[in-house]
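Here are the chains, one letter per residue:
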Amino acid sequence: MLDYETLKIIWWLLVGVLLLGFAVMDGHDMGVGTLLPFVGRTDVERRVVINTVGPHWDGNQVWFITGGGAIFAAWPLVYATAFSGFYWAMLAVLWALFFRPVGFDYRSKVNSPVWRSAWDWGLFVGGAVPALIFGVAFGNLLQGVPFHFLDNLMPVYTGSFWGLLNPFALLAGVVSLSMLTFHGANYLMIRTEGEIQERARKAALIFGSVMLLAFALAGVWVSLGIKGYVITSAVDPAALPNPLDKTVSIQAGAWLANFKAHPLLWLVPGVAFGGGLLALFMAARRYPVLAFIGSGLAELGIIGTAGVAMFPFVMPSSSDPRSSLTVWDSVSSHLTLGVMFWAALIFTPIVIAYTSWAYRKMAGKVTTAFIEANDRSAY
Amino acid sequence: MISETVVDLSRLQFAATAFYHFLFVPLTLGLSFLLAIMETVYVMTGKEIYRDMTKFWGKLFGINFALGVTTGITMEFQFGTNWAYYSHYVGDIFGAPLAIEGLMAFFLESTFIGLFFFGWEKLSKREHLVITYLTAIGSNLSAVWILIANGWMQNPVGSEFSYVTMRMEMTSFWELLFNPAAQAKFVHTVSAGYVTGSLFVLGISSWYLLKGRHVEFAKRSFRIAAAFGFASACSVIVLGDESGYAVTEHQQTKLAAMEGMWKTEEAPAPFTLFALPDDARRENHAEVKIPYALGLIATRSTDKVVPGIDQLEARAAERIRQGMEAVQLLELLRAGKADEAQRARFEQVKDDLGYGLLLKKYSEDVSLATPEMIAQAARDSIPPVAPMFWTFRLMVALGFSFFLLFALSFWYSAKNTFQEQRWLLRWALWFIPMPWIASEMGWFVAEFGRQPWTIYGVLPTQLSTSTLTAGSLYGSLAGFLFFYTGLLVVEMYLMFKYARLGPASLGTGRYEGETDLKPAQ
Numbered sequence: 001m002l003d004y005e006t007l008k009i010i011w012w013l014l015v016g017v018l019l020l021g022f023a024v025m026d027g028h029d030m031g032v033g034t035l036l037p038f039v040g041r042t043d044v045e046r047r048v049v050i051n052t053v054g055p056h057w058d059g060n061q062v063w064f065i066t067g068g069g070a071i072f073a074a075w076p077l078v079y080a081t082a083f084s085g086f087y088w089a090m091l092a093v094l095w096a097l098f099f100r101p102v103g104f105d106y107r108s109k110v111n112s113p114v115w116r117s118a119w120d121w122g123l124f125v126g127g128a129v130p131a132l133i134f135g136v137a138f139g140n141l142l143q144g145v146p147f148h149f150l151d152n153l154m155p156v157y158t159g160s161f162w163g164l165l166n167p168f169a170l171l172a173g174v175v176s177l178s179m180l181t182f183h184g185a186n187y188l189m190i191r192t193e194g195e196i197q198e199r200a201r202k203a204a205l206i207f208g209s210v211m212l213l214a215f216a217l218a219g220v221w222v223s224l225g226i227k228g229y230v231i232t233s234a235v236d237p238a239a240l241p242n243p244l245d246k247t248v249s250i251q252a253g254a255w256l257a258n259f260k261a262h263p264l265l266w267l268v269p270g271v272a273f274g275g276g277l278l279a280l281f282m283a284a285r286r287y288p289v290l291a292f293i294g295s296g297l298a299e300l301g302i303i304g305t306a307g308v309a310m311f312p313f314v315m316p317s318s319s320d321p322r323s324s325l326t327v328w329d330s331v332s333s334h335l336t337l338g339v340m341f342w343a344a345l346i347f348t349p350i351v352i353a354y355t356s357w358a359y360r361k362m363a364g365k366v367t368t369a370f371i372e373a374n375d376r377s378a379y
Numbered sequence: 380m381i382s383e384t385v386v387d388l389s390r391l392q393f394a395a396t397a398f399y400h401f402l403f404v405p406l407t408l409g410l411s412f413l414l415a416i417m418e419t420v421y422v423m424t425g426k427e428i429y430r431d432m433t434k435f436w437g438k439l440f441g442i443n444f445a446l447g448v449t450t451g452i453t454m455e456f457q458f459g460t461n462w463a464y465y466s467h468y469v470g471d472i473f474g475a476p477l478a479i480e481g482l483m484a485f486f487l488e489s490t491f492i493g494l495f496f497f498g499w500e501k502l503s504k505r506e507h508l509v510i511t512y513l514t515a516i517g518s519n520l521s522a523v524w525i526l527i528a529n530g531w532m533q534n535p536v537g538s539e540f541s542y543v544t545m546r547m548e549m550t551s552f553w554e555l556l557f558n559p560a561a562q563a564k565f566v567h568t569v570s571a572g573y574v575t576g577s578l579f580v581l582g583i584s585s586w587y588l589l590k591g592r593h594v595e596f597a598k599r600s601f602r603i604a605a606a607f608g609f610a611s612a613c614s615v616i617v618l619g620d621e622s623g624y625a626v627t628e629h630q631q632t633k634l635a636a637m638e639g640m641w642k643t644e645e646a647p648a649p650f651t652l653f654a655l656p657d658d659a660r661r662e663n664h665a666e667v668k669i670p671y672a673l674g675l676i677a678t679r680s681t682d683k684v685v686p687g688i689d690q691l692e693a694r695a696a697e698r699i700r701q702g703m704e705a706v707q708l709l710e711l712l713r714a715g716k717a718d719e720a721q722r723a724r725f726e727q728v729k730d731d732l733g734y735g736l737l738l739k740k741y742s743e744d745v746s747l748a749t750p751e752m753i754a755q756a757a758r759d760s761i762p763p764v765a766p767m768f769w770t771f772r773l774m775v776a777l778g779f780s781f782f783l784l785f786a787l788s789f790w791y792s793a794k795n796t797f798q799e800q801r802w803l804l805r806w807a808l809w810f811i812p813m814p815w816i817a818s819e820m821g822w823f824v825a826e827f828g829r830q831p832w833t834i835y836g837v838l839p840t841q842l843s844t845s846t847l848t849a850g851s852l853y854g855s856l857a858g859f860l861f862f863y864t865g866l867l868v869v870e871m872y873l874m875f876k877y878a879r880l881g882p883a884s885l886g887t888g889r890y891e892g893e894t895d896l897k898p899a900q
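Chains as they are written, first to last, in the numbering used here: chain A, 1 to 379; chain B, 380 to 900.
Since the hints were made in silico from the structure, they are not lab data.
Hints are not guaranteed to be accurate.
[As the list claims (entries may be wrong)] Taking lysine to aspartate or glutamate pairs in the DMTMM-like style, the calculated list, with each CA pair at most 20 Å apart, reads: (1) B:Lys642 to B:Asp689; (2) A:Lys202 to A:Glu45; (3) B:Lys739 to A:Asp151; (4) A:Lys361 to B:Glu500; (5) B:Lys716 to A:Asp245; (6) B:Lys501 to A:Asp375; (7) B:Lys501 to B:Asp431; (8) B:Lys740 to B:Glu697; (9) B:Lys876 to A:Asp375; (10) A:Lys361 to B:Asp658; (11) B:Lys740 to A:Asp151; (12) B:Lys716 to A:Asp375; (13) B:Lys426 to B:Glu500; (14) B:Lys642 to B:Glu621; (15) A:Lys365 to B:Glu500; (16) B:Lys501 to A:Glu372.
[Claimed, not checked] Have a look at the derived ranges for each label pair, beta carbon to beta carbon: (17) A:Asn111 to B:Glu500: 19 to 29 Å; (18) B:Val543 to A:Pro263: 30 to 40 Å; (19) B:Val617 to A:Ala234: 53 to 63 Å.
Being a predicted model, the structure only gives us computed values, none of them experimental.
Glycine is no exception: its CB is placed at the ideal position from the N, C-alpha and C atoms.
Using the sequences plus the hints, can you model the full thing?
Now the structure itself:
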């Protein structure tokens, strides 16, 4: 079996892979949902938009579910602390997500404009609200979150819901909302034609630009105004996890320390900008597949930048820094990480293989003629 | 210390959302295989009507499935949001099956369900049949992993407590996987799902037959449901007995409560068919007993004793006293003040740590617990008898009535005279809600019967919650009530609408009563 330290690092990477899988797959559905009321003007147009993701949204959503399950299994303390601490934010995400399965399946089953329009806005909420809140959550992680542990390791969150909505966190929310909407717009360009495609292209140009600007601004903000966290005691990465067994200090510029120590890491934000610019350029030139790949790369770069800046921290505590959760001390046992590693290694490629097959089988443009011909069976 | 109110509200919220989720799960489990059977017949015979059956029952499946997915996400969130200490304390073991469920089962089911609905034109007949099977297998595999997780809550094998990390840790993945409690639960639960799916198809088909609508379509659906349902009803009873046997071995408190056994009786113990259990006076009124029956069912022997509540409480009190020592030693260890002998002693008594923690309900400092507190905690170790006794009996009675209904349906469908037995058709129609009631009763027995623990013998419910305020919990409960009521109204509306329309909703032009469903402009 792999040693404990290696597994801890692998699991940091694997959680990243699952987050990226979520952003690339579920992210484009959420983007499509966010754009739905705007790029589809008539009922048939909206059905075209919905049916581009119709066969796939459910499978894609499992990236999100599995990401949550993996954090539970690999980082139980992070799962416990974040979900209970961000109670109302989590419920807002959950309740917004309620609108997706029912929105997709129920919308076109009743022939009433009011009914259908209500579910269209439901799908908008189900796409936009989680996308925004995930960014807000990351924005708060970067600043540190007020929580501490009791002696028995019971996590206690001492902030409020409104405290999460601070300016930097909202900026991070704009980054993630525009990122997923950009990605969704590029996907829509692949699967639609004519006017809908043209509207999606406009949306891609707008949201792609917003994403790049907001990400650049957040980068400047982090380097000038956000303090990072540093472990100041000796770290034994192979030790049994105990988050209270360390000292941590809050220092200006600490979130840049990893980049300074390993200059190659600057490539990660480089990928974000490079992918974003590539996607914008390709969307402008009407090469939607390349644009979609570009926005996927931008997601890799943006999520990766946040992860690399904070490493080894996952959830720093602003009120009691030594309670901060890190890659070393918030993890499961050696055995569990090992078992879960093998499960991920075996099943992730299988999932990717059959998902690709499903997309290949369902490929092609969704048109208004298709919707009219399949009135009863299409979403 | 977490207030009683927060614990009670957290339990209420979890129970309500879990019960609600399980309104949609059994139908998914059962109907997915019925769809696969119908489509198999289509592919083998090439008869269009079987494809229409697959598509129509698939539509109803989809309406149900959407809410299953919606409410399933709640369950995953809720461990973290409302049971943070539980998540920390047992996430090392409990999280693994949940994550593997996502990777292995939920991806499979969810990826192919989309192709099931939208792939009829784009896939070959055989490809489509394969993905229908994969959807069914995926949903049933989900149940495997969820019940492995739940089985571990009932019978926590393959794990031990570590004082360094202050949590339970996995010692054997295989023991977790092959936990006998999980195996028995899985087969019993999915069989119950197959009964639910079968009765759903049987009942709605009966309604068409009673109304004289879509007769050929309904007869074929009825026959398939009767055959599959008969097999499932047999297995749900046999495997339910297996599940009960697992309870005898691992959860004697649950068995004693559901049998209302206040006192230990000589082996083989009688089975109490009817009684009015009185939790306050700790006795039963108006008992009707069948000699020897319980001993034979529960222990499968004539000489093994089934311990009653009196014995179990005495044993619990003993373990609580040993647990007090474990709690105190743990505090020394955590403070770094324990010597080698104390550390060794802790390893000896740590299996009773959970029992010591039961006292936290009465005294934050466990070493100050009085003999009254210990006696009270021992009484807490037995779940309330009356609700256990009655929900269990209701479930079993329903289980046997399903057997009877399906046996008769199967008999008359073999004789091909079922369409004339109007009493049978009416019975099937009015019985549609019953499998749901039986399933929910089953979960009540399983989970309420696990009290006062979240992890049996390891972690008291009292200590498992998050540090939330009662206000937050009232708020979230109100939110769930609002969303879940609205969603249920919408779901039932669509379910009734499409069940009434029947295969006419497919718009094939082959069925009577097709209404115009043109899109609104």
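Going through the hints against the structure:
A distance of roughly 5 Å separates the Cα atoms of lysine 642 of chain B and aspartate 689 of chain B; the hinted pair therefore holds under the 20 Å criterion. Of the supplied pair hints, the one linking lysine 202 of chain A and glutamate 45 of chain A holds, its CA atoms being roughly 16 Å apart against a limit of 20 Å. Proposed proximity of lysine 739 of chain B and aspartate 151 of chain A is supported: the alpha carbons are some 15 Å apart, at most 20 Å. A C-alpha spacing of about 10 Å is found between lysine 361 of chain A and glutamate 500 of chain B, which places the hinted pair at or below 20 Å, so the restraint holds.
Note on lysine 716 of chain B and aspartate 245 of chain A: the hinted pairing holds, with a Cα-Cα distance of about 16 Å set against a maximum of 20 Å. Distance check on the hinted pair: lysine 501 of chain B and aspartate 375 of chain A sit about 17 Å apart at the alpha-carbon level, within 20 Å; holds. Restraint check for lysine 501 of chain B and aspartate 431 of chain B: satisfied, since their Cα atoms lie roughly 17 Å apart, inside the 20 Å limit. At most 20 Å may separate the alpha-carbon atoms for a hinted pair to count; lysine 740 of chain B and glutamate 697 of chain B meet this at roughly 18 Å.
For the hint linking lysine 876 of chain B to aspartate 375 of chain A, the alpha-carbon distance of about 17 Å falls within 20 Å, and the restraint holds. Among the hinted pairs, lysine 361 of chain A with aspartate 658 of chain B is inconsistent with the structure: their alpha-carbon atoms are about 61 Å apart, more than 20 Å. Taking the CA atoms of lysine 740 of chain B and aspartate 151 of chain A, the gap is near 17 Å; set against the 20 Å cutoff, the hint holds. Note on lysine 716 of chain B and aspartate 375 of chain A: the hinted pairing is violated, with a Cα-Cα distance of about 73 Å set against a maximum of 20 Å.
Annotation: proposed proximity of lysine 426 of chain B to glutamate 500 of chain B holds, straight-line Cα distance about 17 Å (limit 20 Å). Among the hinted pairs, lysine 642 of chain B with glutamate 621 of chain B is inconsistent with the structure: their alpha-carbon atoms are about 24 Å apart, more than 20 Å. At roughly 15 Å between alpha-carbon atoms, lysine 365 of chain A and glutamate 500 of chain B fall within 20 Å of each other, so this suggested pair holds. For the given pair, lysine 501 of chain B sits about 17 Å from glutamate 372 of chain A by alpha-carbon distance, which is consistent with the 20 Å threshold.
Distance hint for asparagine 111 of chain A and glutamate 500 of chain B: a CB-CB separation of about 23 Å, consistent with the stated range 19 to 29 Å. Our hint of 30 to 40 Å for valine 543 of chain B and proline 263 of chain A holds, since their Cβ atoms are close to 38 Å apart. Separation of valine 617 of chain B from alanine 234 of chain A is about 60 Å and conforms to the stated range, judged on CB atoms against 53 to 63 Å.
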